[in-house]
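> Below are the chains, spelled out letter by letter.
Number of protein chains: 2
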Amino acid sequence: MELIEELRRLLGATQVLCGADAARYGRDWTGQYEWTPLAVLRPGSTAEVSAVMRLAHAARVPVVPVSGHTGLTGGTVAEGALMLSLERMNRIREIRRSARTAVVEAGVVLATLHEEVGKLGLSFPLMFGARGSAMIGGALSTNAGGSNVLRYGNTRALCLGLEVVLADGRILDLQSALHKDNSGYDLRDLFIGAEGTLGIITGAVLKLVPAPRAYATAMVATADLGVALDLLNRLQEATAGLVEAFEYMPRAYMRRLLARKPEMRAPFAQEHDVNILVEIASTSPRDAHPREDGSIPLVTLLEETLFDLAESGAVLDAVVARSDAQRSEMWARREAAAEITLGQSPIVDTDVAVPLDLVARFETEVRVRIAALDPQAETLSIAHLGDGNLHFTIFPTDGDPVFKDRLRETVEDVVALLGGSFSAEHGIGTSKKPTMARRKDPVVLEVMRSLRKALDPEGILNPGKVLPD
Amino acid sequence: MELIEELRRLLGATQVLCGADAARYGRDWTGQYEWTPLAVLRPGSTAEVSAVMRLAHAARVPVVPVSGHTGLTGGTVAEGALMLSLERMNRIREIRRSARTAVVEAGVVLATLHEEVGKLGLSFPLMFGARGSAMIGGALSTNAGGSNVLRYGNTRALCLGLEVVLADGRILDLQSALHKDNSGYDLRDLFIGAEGTLGIITGAVLKLVPAPRAYATAMVATADLGVALDLLNRLQEATAGLVEAFEYMPRAYMRRLLARKPEMRAPFAQEHDVNILVEIASTSPRDAHPREDGSIPLVTLLEETLFDLAESGAVLDAVVARSDAQRSEMWARREAAAEITLGQSPIVDTDVAVPLDLVARFETEVRVRIAALDPQAETLSIAHLGDGNLHFTIFPTDGDPVFKDRLRETVEDVVALLGGSFSAEHGIGTSKKPTMARRKDPVVLEVMRSLRKALDPEGILNPGKVLPD
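For the record, the sequence lines run as chains A and B.
Numbers in my numbering are just positions in the first sequence, counted from 1, shifted up by 8.
Numbers in my numbering are just positions in the second sequence, counted from 1, shifted up by 8.
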């Protein structure tokens, strides 16, 4: 094929993989999707990405960008398409310590960036399980969330500037390191979260923050979710906004966890409906410097706040981590979520968001409706509660796809009722397109389609993703 | 004219102003622009805005949305156009205290919102001089900045959801109260800051924060701007991110201030090159609750941090406010900026941003170049230093428009050299279109034009603004 020959001349033969060489790019790590790409391209520079797109655009051949292969929604399915891997564009171009910015290429692995900025006492506070493989390009393209969104925002909030290659190969230089820029439309945020359908992100200017010097971590039991939101608000006020994580593990989650992983201890002597993992963090020496009795002021602050709330009845029980080992034990319970939920079949897993004060209503309402359809189904929530983001999972008694879809639609009904989103942090990709088609406001879809048409009239960028056909 | 008759039937005759009745809408408060609108429309609901747009779209008549009339760039010039005023859409639809959100119409005055949420112990932390007149619709349409951006972000960062009426009257419902939503393209941020050229913002869901219980405010002198950035970073670390304002008033500003307003005292016994107004604020009782000796812990924290920095030579002098009166005196020096700069002629005023670590270079470089052109010109900076945002003003010796434009271009040259923006927080409107034409990357302009074309193919929404002709 002539295009492949041209691509080989452009990139060098070793950077154009076909057939068996390309096989490992032809599947999704979740095991849900498999495909055969036309070829896998590994350009080494923005100029090469641009040249690839000019060729592909002229030939009207679809191009699917891919970086760390850790997506959860089939966003890189590339049957018969060119896969454009950013993996070789993995340089951290610059870290500016006093300006607290990093200029990176799209193929930089998140954990690598963590490590490099950590050496300078700084932090890039995007934190999720796949950080050892996930790359910046994918994190930006999906506007990835994770466990520190409450304090630092999602990936979008951590990005100052972008470099993007458009469908026809033009390079869009939005590489600003500015905190304020009102010179025309906000193009940056349009490409972030667009899952590679509007352009290919090749580089970014990221915001860094000072690394915390002290953490205080606790497991807290509250009577109900309304109280939990009150607890969050009171902790935020008491600490002046230091809450980094506020993760919800309900009774059913704890039971399943302890059944599957008996080596993990129960956090409390008694079972509780609402268990919260809360973590606060501070850069301030006043919080981090141990007192004469060895206590860490930040830990004391958390203890005292929880004690006050226990007196008022808002908190039923609480355990504050006294060591790194205890902190790790608390986080291990949360991080076992994927292990104890995914991998079981049949399963209906979701990634929803509702307004903060409607999480309790979601939890009640969705269970009533699921029970009406499948009384024996087990259900499980694990949530970034501070963001209103729940991963609600159903283990139905019947794995029939039509039935599973009915259960999924039931969850969507409740989400719609509460003004929520059916995709909080994982994006749409391939797997949520049916939901997008049936749930998204038609005018919103029209506008999204018209933007896509304006930026990629031939529809060659990651076709078949995000927007319903 | 038939269209005007239709609009009268639609809105009621009293809500369609023509001729003398419309005159007060036909000028800019800066005195730079005057125009004669075709008519001024004052719809009372989103449905009415939608109906107006359907009529205007069918007739291909331009529509200029306007709310509080406090813009600084001629963004509402409306010669021969329909002006659509949002002033009657001034309801706060809902405040959700525990979720910390407010749902408002576009015509709500910023100060009114401050007052209403303040009654609940909450704050909407968008703060600038024109808050008594400026309305939410305009603040969103210009992505307004102000003095608390450092802590809370600009208007974009304070908005969760939007309601927008499109050029053809379709209503785009993006009224989410969610902190996470990855279901398709980020349309919200495209309309924010688009100055009414992509759609008319009729309502918004805004993020609220708990109101601070304590403030600590100081005037600080540092040796140079590099040290000032170090001071900011160290204050942020010491307070764990409590810095709300970090405003720069150089020697020339202080001299001009004290010459024009001798009733204001100099902050220090000696003159200094770099004078910083810093304010930290906290919601935490541990910071706000007075100690036995009457001291406020937050104030002590600021004092101790400044003392440490003085020992290392980073801080040359510092005065911490001991009372509300002293705090007000400090802010009065900053807030006199418009009074002591604008209103003088000839003048070249700018609103630029550069990366945080290049502010010092901007200050040096721009003065060298201006001095080469006009050695007797006085220059003056006043800056939101924590955002890298400077209002750099030149008082040239020659008011010739061509010469003034040459000076303006000289500032733009330095901004471009440093990777800055020629419009940090005021937007483009009419006045910065020439700069947009000569400075903005051509590919960026092409993409902006294609988005405009996709959303408003007839070009009837606020024509002649933002994008060069």
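Bear in mind the hints are in silico, worked out from the structure with no lab data behind them.
A portion of the hints provided could be inaccurate.
No distinction is drawn between identical chains; accordingly, a pair holds when it is met within one copy or between any pair of copies.
Unchecked claim - Taking lysine to aspartate or glutamate and the EDC-like style, the derived pairs with C-alpha atoms no more than 16 Å apart in a straight line are: (1) K448 with D194; (2) K448 with D181; (3) K448 with E123; (4) K269 with E311; (5) K461 with D477; (6) K269 with D449; (7) K215 with D365; (8) K441 with E373.
> Now, for every hint given, state plainly whether the structure supports it.
Verification of the hints:
no., hint, verdict
1, K448 with D194, "between (23 Å within a copy, 13 Å between copies)"
2, K448 with D181, "between (31 Å within a copy, 10 Å between copies)"
3, K448 with E123, "neither (39 Å within a copy, 35 Å between copies)"
4, K269 with E311, "neither (28 Å within a copy, 51 Å between copies)"
5, K461 with D477, "within (13 Å within a copy, 23 Å between copies)"
6, K269 with D449, "neither (42 Å within a copy, 56 Å between copies)"
7, K215 with D365, "between (30 Å within a copy, 13 Å between copies)"
8, K441 with E373, "neither (25 Å within a copy, 53 Å between copies)"
Consistency note: the structure conflicts with the earlier hints numbered 3, 4, 6, 8.
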